[in-house]
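Asker: Sequences listed follow chains A and B, in order. Note that the working numbering has the first sequence beginning at 1, numbered continuously upward. Note that the working numbering has the second sequence beginning at 1, numbered continuously upward.
Treat the hints as calculated values from the structure; they're not laboratory data. It should be emphasised that the depicted structure is a prediction, and the values quoted were computed from it without experimental measurement. It cannot be assumed that every hint is accurate.
Stated by the list, open to error - Dumping the calculated BS3-like pairs for lysine-lysine here, alpha-carbon to alpha-carbon at most 30 Å:
(1) Lys-118/B / Lys-200/B
(2) Lys-200/B / Lys-55/B
(3) Lys-80/A / Lys-105/A
(4) Lys-55/A / Lys-105/A
(5) Lys-55/A / Lys-118/B
(6) Lys-55/A / Lys-55/B
(7) Lys-80/A / Lys-55/A
(8) Lys-55/B / Lys-118/B
(9) Lys-200/B / Lys-31/A
Claimed, not checked - Taking CB as the label site, the calculated pair distances span:
(10) Ala-94/A / Thr-278/B: 18 to 28 Å
(11) Ala-117/B / Glu-11/A: 41 to 51 Å
(12) Asn-114/A / Ser-282/B: 35 to 45 Å
(13) Pro-46/B / Val-119/A: 15 to 25 Å
(14) Arg-27/B / Pro-32/A: 57 to 67 Å
All C-beta atoms, glycine included, are put in the ideal place defined by N, C-alpha and C.
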Amino acid sequence: MQLTIDERLPEPVFSQIITQIREAVRSGRLKPGAAMPAIRQLAIDLQVNPNTVAKAYRLLERDSVIETGRRGSFVHRDGKRHSNIDLSSEAAAALTQTVASLREKGLTDSEIRNAFANVMKE
Amino acid sequence: MAPDVQIVLIAVLFGSQVFVLSFFTPRRSRQYYALMFARYPPQEYPRLYPVPREKMERRLALVMPLHIAIGGISAITLFVGIIHGADSVELARRMFTCLFFQILPAYLTMFLMIRVAKAFRAIPPPSVRSVELRPWRAVDFVSPLWIGLGLAAQVIAVTCAVVAYLHRREALLMAVFCSLISGAFLLRMLYVLVGGAPFKRADPFMSPADTFRVRQRRFRALFRGGAGLGAFYTFALLYQAQLVRLDFNSAYLFVGLSVVFQLTWLAVVSAQGRDLETRDFSVYRADNARKAAP
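Kindly generate the complete structure, drawing on both the sequences and the hints.
Answerer: Put into structure tokens, the structure is as follows:
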């Protein structure tokens, strides 16, 4: 399976990696238990910072698409099911709903932004 | 073996050494670069020349006269040795001394190659790049047998360094030298085995097949070369510590070294020639926008 990144796209590189691995797991091209390349190896071959690959792996692990142990990273046994879960999209949907509701109540965008920034600081 | 036959054989080998190291292989190497510059000029293949072609040509132009001069002096040394009736050991010693000087121009080329390699690695990668999503293991590049032999040879060499020193204090210098080199080899081997990453890419535009071949060559050089070097150090240390005694003419040691160097140089220029015919140079064209990695 080929993993391709395009630095010209607005989507960050780590996000492109996540999207393609999710799609590969969802479509069955990456089977449960399949070994993933080491973070350093993938970073060297893709010629990106290892932190970029590490972030992608971390987020995939958070969503249980892959799992990491002493012997390395592997596709989660329930990876296919978990690959349909997209927490980032869920967060975007929830925020969109909240912002729309606050605007209906008459709050300005700058008030909403300030409130969000204060909540994030906590 | 009768002394006259020994002298004849060593003289023939000496002549072969002069021819191979000072004339044949430098000429083949020069032909390689001339072909590369002609087939893949910088105007059409700009990415192939991170170091400008003119700079490379100037440096390479220095090397050939040096080879010829040293080769000429070595040939005279051989001729004088034969005329003066040198014995086999003396002739072999002169051959080894000439070998030392004959490989000196290679250091000039080596510095250029290191500079070119660094320049390649510094090239910004293409915007679009692909990899095969699979974990690479050392056994993908070199057989487990050579991995085992390489590791074992270094461990044995380091152990023999300690044994040699304990047995004979005069072996200290050799023990330190061999243990440092073998230790470095061993650490490097362990790093590529457990470090989780193969060797770095030679350059960001190289095709997947060529990148795989370069990595394979490096793995093989590390483990096979390590096995040979470890075996040589082991023997040399035990011999130095007088734990191994061999009744042989010391000329054979110089003969062995000459043969090894000649074969190595021939293998290097042969690999250069093969590269020119098999490598995918289209990836270095100015209009090639997309590259892939293994």
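Asker: Next step is simple, just say for each hint if it's right about the structure.
Answerer: How the hints compare with the structure:
{"no.": "1", "hint": "Lys-118/B / Lys-200/B", "in the structure": "holds (12 Å)"}
{"no.": "2", "hint": "Lys-200/B / Lys-55/B", "in the structure": "holds (26 Å)"}
{"no.": "3", "hint": "Lys-80/A / Lys-105/A", "in the structure": "violated (41 Å)"}
{"no.": "4", "hint": "Lys-55/A / Lys-105/A", "in the structure": "violated (38 Å)"}
{"no.": "5", "hint": "Lys-55/A / Lys-118/B", "in the structure": "holds (29 Å)"}
{"no.": "6", "hint": "Lys-55/A / Lys-55/B", "in the structure": "violated (42 Å)"}
{"no.": "7", "hint": "Lys-80/A / Lys-55/A", "in the structure": "holds (20 Å)"}
{"no.": "8", "hint": "Lys-55/B / Lys-118/B", "in the structure": "holds (15 Å)"}
{"no.": "9", "hint": "Lys-200/B / Lys-31/A", "in the structure": "holds (28 Å)"}
{"no.": "10", "hint": "Ala-94/A / Thr-278/B: 18 to 28 Å", "in the structure": "violated (56 Å)"}
{"no.": "11", "hint": "Ala-117/B / Glu-11/A: 41 to 51 Å", "in the structure": "violated (33 Å)"}
{"no.": "12", "hint": "Asn-114/A / Ser-282/B: 35 to 45 Å", "in the structure": "violated (56 Å)"}
{"no.": "13", "hint": "Pro-46/B / Val-119/A: 15 to 25 Å", "in the structure": "violated (53 Å)"}
{"no.": "14", "hint": "Arg-27/B / Pro-32/A: 57 to 67 Å", "in the structure": "holds (58 Å)"}
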